[in-house]
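A.B. asks: Protein sequences appear in the order of chains A and B.
Numbering-wise, the first sequence is residues 1 to 315 according to the numbering used here.
Numbering-wise, the second sequence is residues 1001 to 1170 according to the numbering used here.
To be clear, the hints were calculated from the coordinates, so they are not data collected in a lab.
Quick reminder that beta carbons are idealized off the backbone N, C-alpha and C, glycines included.
Take the hints with a grain of salt, since some may be wrong.
[Said to hold, decoys possible] Facing chain B, according to a computed beta carbon distance under 8 Å, are these residues of chain A, among others:
no., residue
1, D8
2, R9
3, L17
4, S21
5, L24
6, A25
7, Q45
8, T46
9, F48
10, S56
11, S127
12, T130
13, S131
14, D199
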Amino acid sequence: MQSFRRFDRTTSLMIGLLVISFLLATFDVRSAGGGIGTTMREGVQTLFSPLQEVTSAATRPAVGFIDALSDIAALREENDSLRLENEELKTEIEQFTSIQADLEHLMEINDLEAPDDLPTVTARIVSSGTSTFDLVRFIDKGSNDGISLGDAVIDQRGLIGRVDEVFRNSARVRLIFDPNVTISVQDEVTSQMGLLTGDNDTLILRVFNAEEPVREGNVIVTAGSRFPPGIVVGTVKETAADDAGFGLDTEVMAAINPTRLDYVKVIVGYSPLDAEDEERAEPEEPVADEPADEEPSEDSSDGEGNADTTIEEAR
Amino acid sequence: MRTREVGISLLLVVLAVVAQTAVFGDGRIDPLGASPAIVLVVVLACARYIDPEPALLLGFTAGMLLDLLGGAPLGLWAMAYTVSVYIALRFRSRADDGPVIVGLGVVLLTLIAHSLFVIIGTLFGERFFTSTAVIKDTVLPAFYNLAVAAVVFPIVSRLIGRRRQLGWTT
Chain A
1 MQSFRRFDRT TSLMIGLLVI SFLLATFDVR SAGGGIGTTM REGVQTLFSP LQEVTSAATR
61 PAVGFIDALS DIAALREEND SLRLENEELK TEIEQFTSIQ ADLEHLMEIN DLEAPDDLPT
121 VTARIVSSGT STFDLVRFID KGSNDGISLG DAVIDQRGLI GRVDEVFRNS ARVRLIFDPN
181 VTISVQDEVT SQMGLLTGDN DTLILRVFNA EEPVREGNVI VTAGSRFPPG IVVGTVKETA
241 ADDAGFGLDT EVMAAINPTR LDYVKVIVGY SPLDAEDEER AEPEEPVADE PADEEPSEDS
301 SDGEGNADTT IEEAR
Chain B
1001 MRTREVGISL LLVVLAVVAQ TAVFGDGRID PLGASPAIVL VVVLACARYI DPEPALLLGF
1061 TAGMLLDLLG GAPLGLWAMA YTVSVYIALR FRSRADDGPV IVGLGVVLLT LIAHSLFVII
1121 GTLFGERFFT STAVIKDTVL PAFYNLAVAA VVFPIVSRLI GRRRQLGWTT
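Could you put together the complete structure from these sequences and hints?
C.D. replies: Next comes the structure, spelled out in structure tokens:
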């Protein structure tokens, strides 16, 4: 009888805890990243941040060493391919020099601003998600440093992700690899617009009504909207054409390496609302080619490849 | 209620959470793109020695901490860990049968916890099933945990273990 009673109590407690968890998950999803969930996250993040920073700093050399060991085969292969690529690139440098001069001239004419000209905050990644399911990183700067929800996060290679939760002294960055992240992008070579969606290890580019093929090696950059335009996102992995007229899908190799992230820059001077205001104030500015900037909705894809950058923040 | 054991268990869980987020995890030490779920190993190890109700609460707390420090909706890991600890409690007297059974239990319970997380997360709108990586992220940690358990279980046993193993009713 005693055994039965104890079994009953434990089972009841488990059911109670499951109900609490279920309710918390429901409220958290319904509040879309706000409410009590954010308060609790901020509290725990504030408590754990110092411990994480100390641990991260203390173990960084060891982590780097172990990571390098586990990647040694991949690094060897990468080294060989980089050697080949280096030779090819050397021959192309002269051509690119003249193209770059032309581009700089065009940028002056159009009074365009490069992403580097925007104000940024340098931050350091202090922790990752709690499992490999979590494609997020936590940085050591928050709202006290001027960081706000939606800010783009970059490093010297390109776009890393977007701030999707801000605390006073830290922030959570959702990586571009997250399947919930969709970015409005542009093929730099063909100027075709498309949508780039995270797929855990890779990125999938979808171009609707593609008029010409997207070729391997073409650089994909952000097309404006929620991210500042012109940030490198990656390069096309495989040539793809729209043979059937339904658009094309192809893989994109991200410019960033998620395992090598350390210092990052958060672009704090740009928001889709600012972009909207600028457009309203200066309608004659050459922004007509920008993709659907006027509606920074949760997901305003119009099915024509002119969708806003979207990050589903229903969490 | 054995407060000392529960207190030490909580401390070990906090240390495991810090290690999980700052040392292991995506982008840190993650051989083959997956990392061990050391928090779960610590919770399972502690659940061998503390009473059932505190053990369940410990699993829930550990899961909740992971939820609060992670990117998924709150409560997902809490649910997964609570169920795993419940199953562990149900069968913990079998831990006396030796390290092979303990190892097998750790692997199975890690698989159960990760599978539950993926299934419940999908119900709450997470897109775990968009690529085959979900299989890797579910299966590999179970085997990594086997290695982690070989280190963690003796430490926990030394810290809070008692000569007499607790059964379901004690």
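A.B. asks: Decide, hint by hint, whether the structure agrees.
C.D. replies: Comparing the hints with the structure gives:
no.	hint	result
1	D8	violated, 11 Å
2	R9	holds, 7 Å
3	L17	holds, 5 Å
4	S21	holds, 4 Å
5	L24	holds, 4 Å
6	A25	holds, 4 Å
7	Q45	holds, 7 Å
8	T46	violated, 11 Å
9	F48	holds, 6 Å
10	S56	holds, 4 Å
11	S127	holds, 4 Å
12	T130	holds, 4 Å
13	S131	holds, 7 Å
14	D199	holds, 5 Å
Comparing the model with each earlier hint shows violations of hints 1, 8; every other hint is respected.
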